[in-house]
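Asks: Each chain, written out:
There are 2 protein chains.
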Amino acid sequence: MISDKMKGFVANSSAIRAMFEEGKKMAAVYGADHVYDFSLGNPNVPAPEAVKEAVIDIVTNEDPVLVHGYMSNSGYEDVRGALAEHLNGLYGTHYTDSNLVMTVGAAGGLNVIFKTLLNPGDEVLTVTPYFVEYRAYAGNFDGVLVECAADPVTFFPDIADMEKKISKKTRAVILNTPNNPTGVVYPASVIQEVADLLERKSREYGAPIYIVSDEPYREIAYDGVEVPWIPSIYRDTIVGSSYSKTLSLPGERIGYLVIPSEITDSANVMAAANVATRILGFVNAPSLMQRVVARCCAEKANVGYYDRNRKLLYGSLTEYGYTCVKPDGAFYLWMKSPEEDEREFARKCKDEEQILLVPGRNFGCAGFVRIAYCVSYETIRNSLPGFKRVAESYGL
Amino acid sequence: MISDKMKGFVANSSAIRAMFEEGKKMAAVYGADHVYDFSLGNPNVPAPEAVKEAVIDIVTNEDPVLVHGYMSNSGYEDVRGALAEHLNGLYGTHYTDSNLVMTVGAAGGLNVIFKTLLNPGDEVLTVTPYFVEYRAYAGNFDGVLVECAADPVTFFPDIADMEKKISKKTRAVILNTPNNPTGVVYPASVIQEVADLLERKSREYGAPIYIVSDEPYREIAYDGVEVPWIPSIYRDTIVGSSYSKTLSLPGERIGYLVIPSEITDSANVMAAANVATRILGFVNAPSLMQRVVARCCAEKANVGYYDRNRKLLYGSLTEYGYTCVKPDGAFYLWMKSPEEDEREFARKCKDEEQILLVPGRNFGCAGFVRIAYCVSYETIRNSLPGFKRVAESYGL
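The listed protein sequences derive, respectively, from chains A and B. For the first sequence, the positions run 1 to 396 when my numbering is used. For the second sequence, the positions run 397 to 792 when my numbering is used.
Be aware that a few hints might be false.
DSBU-like, lysine-lysine: derived pairs with alpha carbons at most 30 Å apart [as the list claims (entries may be wrong)]:
{"id": "1", "chain 1": "A", "residue 1": "K25", "chain 2": "A", "residue 2": "K7"}
{"id": "2", "chain 1": "B", "residue 1": "K403", "chain 2": "B", "residue 2": "K565"}
{"id": "3", "chain 1": "A", "residue 1": "K7", "chain 2": "B", "residue 2": "K744"}
{"id": "4", "chain 1": "A", "residue 1": "K300", "chain 2": "B", "residue 2": "K448"}
{"id": "5", "chain 1": "B", "residue 1": "K696", "chain 2": "A", "residue 2": "K52"}
{"id": "6", "chain 1": "A", "residue 1": "K24", "chain 2": "A", "residue 2": "K336"}
{"id": "7", "chain 1": "B", "residue 1": "K561", "chain 2": "A", "residue 2": "K7"}
{"id": "8", "chain 1": "B", "residue 1": "K403", "chain 2": "A", "residue 2": "K165"}
{"id": "9", "chain 1": "A", "residue 1": "K52", "chain 2": "B", "residue 2": "K744"}
{"id": "10", "chain 1": "A", "residue 1": "K169", "chain 2": "A", "residue 2": "K201"}
{"id": "11", "chain 1": "A", "residue 1": "K7", "chain 2": "B", "residue 2": "K421"}
{"id": "12", "chain 1": "B", "residue 1": "K403", "chain 2": "A", "residue 2": "K169"}
{"id": "13", "chain 1": "B", "residue 1": "K744", "chain 2": "A", "residue 2": "K168"}
{"id": "14", "chain 1": "A", "residue 1": "K7", "chain 2": "B", "residue 2": "K597"}
{"id": "15", "chain 1": "B", "residue 1": "K696", "chain 2": "B", "residue 2": "K421"}
{"id": "16", "chain 1": "B", "residue 1": "K707", "chain 2": "B", "residue 2": "K744"}
{"id": "17", "chain 1": "B", "residue 1": "K403", "chain 2": "A", "residue 2": "K201"}
Because the hints were derived from the structure by calculation, they are not lab data. Please read these numbers as outputs of a predicted model, since none were measured by experiment.
Extracted from the complex, chain A is given alone in its bound form (with noise of 0.2 Å):
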């Protein structure tokens, strides 16, 4: 009785979650101390302290019908201000607080930006590989998601091939720097190649093509790479964000976007924003966690803990002869099946070595799988042993 789109959906379901739930089932059968789960991007990193004082003290010494109340579909003004300063401070804009929306996480606020741009039929541009719910979110509202060709070397855009993808039906390109899953982090210079093209096409259409940029890892790089602040290169970009990973806040669906008042027709795109809020049912971002995002902005993610953990992964496995991207951002180590069938070879993982790994496939890109690495570091310490007997059993 379900309707024909959910019964493809859960047919396809997705094979991330399926695997976490695979990943419980093992961990009841073997212990958890002997399944290495890579699946999931879920932070092992504990949220920060801050964290928990600042829900203590809200809770104890703000109003209860303040902080658990509705609010402005966007969110409350003051948390929009704070946020909207603290990006002020770190990027030399000029937000207010009527330039952002606080979102069900970034998941949410994808949802919102598409409800708000997407006619039936429009097209979104992904760069693969890409997070696999991007053509869901799409197609939530009737869009059609296309995939733009990566570098197979550096896996940035090829912007040849993102340039025969772009139609005059092309409403937004979605970026993920930090990427997920590769771990990638696009240089000024690529999202510069981008936005050229991008200014090119929008004259060439008469319409403005969106730059969606999906950033919940903006936070996580490694030494000293610089992640670009992309409304500063491309005037029509908006920004969806989260707490998700920044601090360890996944569950707590608690994110925003970005509306500058630079991109075209932004006073539209904002209001719409907001009704979409509260129309996908949404209605608001969960109200207390709005408030300590504003008090806990400034906290920085432990990127010291996913760098030893990236360090030991990444050292190890290339040692034992496989081929990985290094990731310069986010906690994902993107990696070469050492056979065609990336799927043989992440069951080979899990039923002789209980290692979880997420096929490349899931994420439009055959031949790769993805190891999510916000675990804990003798998760991968114990996992190295199995990784090895696996790539000697390929004769790497």
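Given chain A, put chain B in place with the hints provided.
Replies: Frame of chain A, contents of chain B only:
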């Protein structure tokens, strides 16, 4: 540059929300004490102390990686199990964690279930007057909301009209009792009549018509009036509820769906609701609040507080000559406008007396206004002279 659908929504943006925004502006001009804002169902009763205690205990003593982390899209198993047990104790049912999906408020739950059930063009019936957002929620999935009449005195569903409105496209009937905006509670006999009709029509069309019972006000009923548990009367009932009103947590966006094992195609509906939660961008209900409501689900709503408001407001307004439906539940008073166009009446109340009411046509029923009395007793008391002057100006 916004989508065509959103242009309409922005132009007709919810009058309720518009009034909420206007109320805030008026408070800045006249002072909060001199604006009588009855526009929004934002409870004035603070959340119970138990909520505060649970929040503090959880963030102090539970593992932050668990408390703020991802879990199954349907929610924590232990939380769902606790809520199932609570319902079983109240209604003699046999639900388990696998019958519940935790949702981003009741609004999120309705979107999840409509995404699950509706093909484009499918119809969802509602009884007028009704919560205005139902139309948008069904429309999000290209479903069509069909209005059924209510009895003009009792505001119970007009069964004969409902029969006329049911077609082979009817997939679901929304029941909302205690009702927003009328405050009416449907007795078991009325629900039985609806059930008999739907059973007959489901047989006739060879496909179940689900009742979607939207019941955030279930625990707010007065004078010992019983609120029937609809799944005990009609097998194909899916329940959506939230803690927005009962625990005064509307901003926290925490609710749930009950998908009983007895409904047609239950396993598929459950699986699809789980996936729909993910792909609509909710991902999961806010995690800390899930854990809070598991501990606080047996807390009682402060019905006495609302009852005191109800008695003062209903007693005074009827004394002044207004005609009101006596509310048995929720915290809304449904009042006949003294002039045909209730928008004129509402404007008069606002401009002359700073009293904010919502015109009934926003609930699909002109000629009435909704008065949300989830405000302070003082707000009601201080508004009465204004209501009286307006009554006198109409010669009531």
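Asks: Given the hinted pair B/K707 and B/K744, is their alpha-carbon gap at most 30 Å?
Replies: Cα-Cα ~24 Å, so holds.
Asks: Need the status of pair A/K169, A/K201: alpha-carbon distance at most 30 Å?
Replies: Given that 30 Å is the threshold and the Cα spacing comes to 11 Å, the pair holds.
Asks: Verify the proposed pairing of B/K744 with A/K168, using a straight-line Cα cut of 30 Å.
Replies: Judged against 30 Å, a Cα distance of about 50 Å means the pair is violated.
Asks: Can the restraint linking A/K300 and B/K448 be considered satisfied, given a maximum Cα separation of 30 Å?
Replies: Holds: A/K300 and B/K448 sit about 27 Å apart, inside 30 Å.
Asks: Is the straight-line distance between the alpha-carbon of A/K7 and that of B/K744 30 Å or less?
Replies: 52 Å, violated
Asks: Holds or violated: are the alpha carbons of B/K403 and B/K565 at most 30 Å from each other?
Replies: 28 Å, holds
Asks: Has the given pair, B/K696 with B/K421, been kept, meaning a C-alpha gap of at most 30 Å?
Replies: Violated: B/K696 and B/K421 sit about 34 Å apart, past 30 Å.
Asks: Do the alpha carbons of A/K7 and B/K421 lie within 30 Å of each other, as the hint requires?
Replies: Status violated; Cα separation ~47 Å.
Asks: Is the straight-line distance between the alpha-carbon of B/K403 and that of A/K165 30 Å or less?
Replies: 28 Å, holds
Asks: Does A/K25 pair with A/K7 here, judged by a C-alpha cut-off of 30 Å?
Replies: Judged against 30 Å, a Cα distance of about 25 Å means the pair holds.
Asks: Could you grab the alpha-carbon distance between A/K7 and B/K597 and see if it respects the 30 Å cut-off?
Replies: 25 Å, holds
Asks: Does the alpha-carbon distance linking A/K52 and B/K744 stay inside the 30 Å limit?
Replies: At roughly 48 Å apart (the allowed maximum being 30 Å), B/K744 and A/K52 break the hint.
Violated hints, listed in ascending order, are 3, 9, 11, 13, 15; each of the other numbered hints is respected by the structure.
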